[in-house]
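First to last, the protein sequences are chains H and R. Following our numbering, the residues of the first sequence are numbered contiguously, the last one being 344. Following our numbering, the residues of the second sequence are numbered contiguously, the last one being 1256.
The set of hints was computed from the structure by calculation and includes no laboratory data. For clarity, every value in this text was computed on a predicted model and none was experimentally measured. Treat the hints loosely; a few may be bogus.
[Claimed, not checked] Derived CB-CB ranges, DEER-like:
hint	chain 1	residue 1	chain 2	residue 2	range
1	R	Lys1146	H	Trp198	22 to 32 Å
2	R	Ser1156	H	Phe118	39 to 49 Å
3	R	Thr1187	H	Ser19	47 to 57 Å
4	H	Gln256	R	Thr1017	53 to 63 Å
5	H	Phe118	R	Lys1061	19 to 29 Å
6	R	Lys1146	H	Leu21	29 to 39 Å
Glycine is no exception: its CB is placed at the ideal position from the N, C-alpha and C atoms.
What follows is the residue order along each chain.
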Amino acid sequence: MTGKMTPGWLVRVRLSRSSRLLLLLALAACAAAIPSVASPYAVSLTTRFIVFSILALSMDLLWGYGGVVSFGHAMFFGLGAYAMAITLTHAAGIGGTYLALALGVGVPAVLALALGFFLFYSAVSGVYFGIVTLALAVAFETLAVVNRSFTGGMDGLYGFAIPTIGLPGLVQVEVWGTENPYFAGVIGLAVCYLLARWITHSSFGTAIKAIRDEEPRLELLGYDTALIKTILLVITCAMAGFAGSLYTTVGFVSPQLLGVFFSTQVLVWVGIGGRGTLAGPILGTILVGFLQTILSGEFEDIWPLFVGMFFLLIVLFWPSGLYPFIQRSLNAARRRLGSAQVGA
Amino acid sequence: MSGASHGDAVIAATGLTKHFGGVAALDDFSITVADREIRCIVGPNGAGKSTLFKVLCGLLKADAGSVRILGRDVSGLNARRVARMGVATKLQIPRVFPSLTVHEHLELATRVGMGVPQLLGLRRRRQAVAADAMISQLLEDLGLAKTRDRLAQELSHGERQWLEIVMMLATGPRILLLDEPGAGMATEEKARTADLLQRLSERMAVVVIEHDLAFVQLIAHKVMVMHRGRLLTQGSFDEISRDPQVGLVYLGSTST
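With the rest of the complex left out, here is chain R:
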């Protein structure tokens, strides 16, 4: 019914509600994201941004509301199933595998969905050969080629964030959910990340949670402002930064 009206919506979530104890982390929140769109979600701490992501990617079950991804109802699916549909998620805390090399991260990412016999190399798929070529290309493109054989724990914080994003890209996703991709990065690294996200949005839907409004401005597409689990307002970066309501809930220090 509503699926028909959002013909090219890759994410269509309506009426999401999630309570933790007495606190409503999500309160009748709805979001629709089109393909090849880049969307930012901002809001003060505790606004419900991270909870929203966890509901979208299948880590949390909403108390009420529905989530459709790529036209399919995913409310009953776990995180693994949602991931295999083409949703790559980066949670707030960057997570890589410390004792694996950069290449091994991508090796795993390109083998998502393969059976154990394929993982063991008992049956070599053509897919695996193609995957190896893709890994080299990705590393080259993202400037990680020289770190190929280094362990993730030897990388800098910024490099680790990049590694996680590259790993997600290697799964060939259609939707990227990124919770604070610029956290802990230097200004110059943030600019590079923003540039990367812009380029990625030409191929897939990108949803970004960000705390730092300066970083949001670099991406400067549709911005949603969340407050206490609800949508406060939405619009372009300029529109929301002029909105007096936003200034009130959001530290009072938006950029001009």
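Looking at chain H on its own, in the form it has when it is part of the complex:
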């Protein structure tokens, strides 16, 4: 409507139900076809980016919708990955995998609950919350590096049992190799996306957007905003932990997964894709992932510089991100088409 720049979360999708369904079907068909047309290397890369996009999706719920900036969100991803890998080191098979998954989701969730309880209920918010998460991410990365016996130190963990899902004695699927991890990632992303969509479309979603806009007003209206933020943190960190658990199908986990650098990368993916849009961060992650792969092949040391420049360009020209820009362009094109038909 307005020509002014509007933040990503203000742009509403105007796709009809049927065209959205068609788009989804096409997307699903593409996702199903990828392993049979792409090289195993490309499929593995895609798997990794899909898993990362679940992490970006959870960051979008927390930051894009709830306005809570965390500089250590990857820490929960790393915790999930380590919890899964450590459990699989000691317990194999289907039972071990389910236990590992439960811990991969549960450990980050419990840490988030403690963080939310101690920080949000003492009114620590905004940049101070960001600083605490930054410090924690550094602490956890260091812990993983120095603790050789438990976490494998600098080398990380590898050689743990193959994650196996299914029903004991009936069906058994090893999530290993190229294709199975890929499909596990796609299904995981679909489930998380639907969950995120359900949350953002509920009254809880409206409440977290209100917190982002004017937290004191919502509190004055009678809402327990600290509780809502704590629950949001628990949900998003559990989702990040789930993504981390899926990551173990790559075969190894390393301390970098917990670190600050990785956390800032997540912020970049969400920012490039468009915060507060759900689909944007998924797009941003996969796009930046491939860009990064190409660039790091060509320029071994200075590739982060290019990714940084790309990010700055986006911030300068499309501050609300790529996805809202695409949406706006599509809408403008449709309007032009519509008016042309009226004129004819």
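Using the hints provided, position chain R relative to the given structure of chain H.
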């Protein structure tokens, strides 16, 4: 003790004192408001009006004095608890949620006090269904029906003030505290707002802080004049506008 004597008092605050540094924003101030009463509080800048509201709604703790709301001592309660007792507060600066639609504001207002499972829609309460019907009714009544799906940031200043008031009403309050509800409104909008407040006072207690005496005259009920944290005088609009003391502290330009 005193609660019995103010049988139908919805607000009974006594001896409120609040210092900021060396300045007394409230100095032994007392106020009693009956149910279905409309009360105006006027006074020059810095008289302590806004501080009074913040103490009443639980945002600030008074240094001394007590606040009873609906018969209950609320001195130790935070703003959220006071709000859930049925006190809806609008502070001086109008505050709405810019990226939410008008309908979403009311959706939130009607769900105050619901647990997170209800907010997520895991457990649908009959209450929520009734709330949706009430939202449509409120929007219709207050002439905001056509702005239902617009974002708050697209509304005019006056519409935003109205939205905030409608949002407060949707919580089903028993007491309305309004700090400068007419600020930034055109004369005609102010008249409409005054009319609305009159109608609301048939159902609930309404306390209004206002700077603009012309607007106060439109409401023209009991008026309290504050000056330096104390009660200067009180009475009907005509009484206080004839009071020479009021003219002295208050710009010297009261209406005739």
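The hints, checked one at a time:
1. For R:Lys1146 paired with H:Trp198, a C-beta distance near 30 Å keeps the hint of 22 to 32 Å intact.
2. Under the hint 39 to 49 Å, the C-beta atoms of R:Ser1156 and H:Phe118, about 42 Å apart, fit the expected range.
3. The hinted range of 47 to 57 Å is satisfied by R:Thr1187 and H:Ser19, whose Cβ atoms lie roughly 49 Å apart.
4. Between H:Gln256 and R:Thr1017 the beta carbon distance is about 58 Å. The supplied range of 53 to 63 Å therefore holds.
5. Judged by the Cβ atoms, the range 19 to 29 Å given for H:Phe118 and R:Lys1061 holds: they are separated by roughly 23 Å.
6. The given range of 29 to 39 Å is respected by R:Lys1146 and H:Leu21, whose C-beta atoms sit roughly 31 Å from each other.
Hint compliance for this structure: every hint is met.
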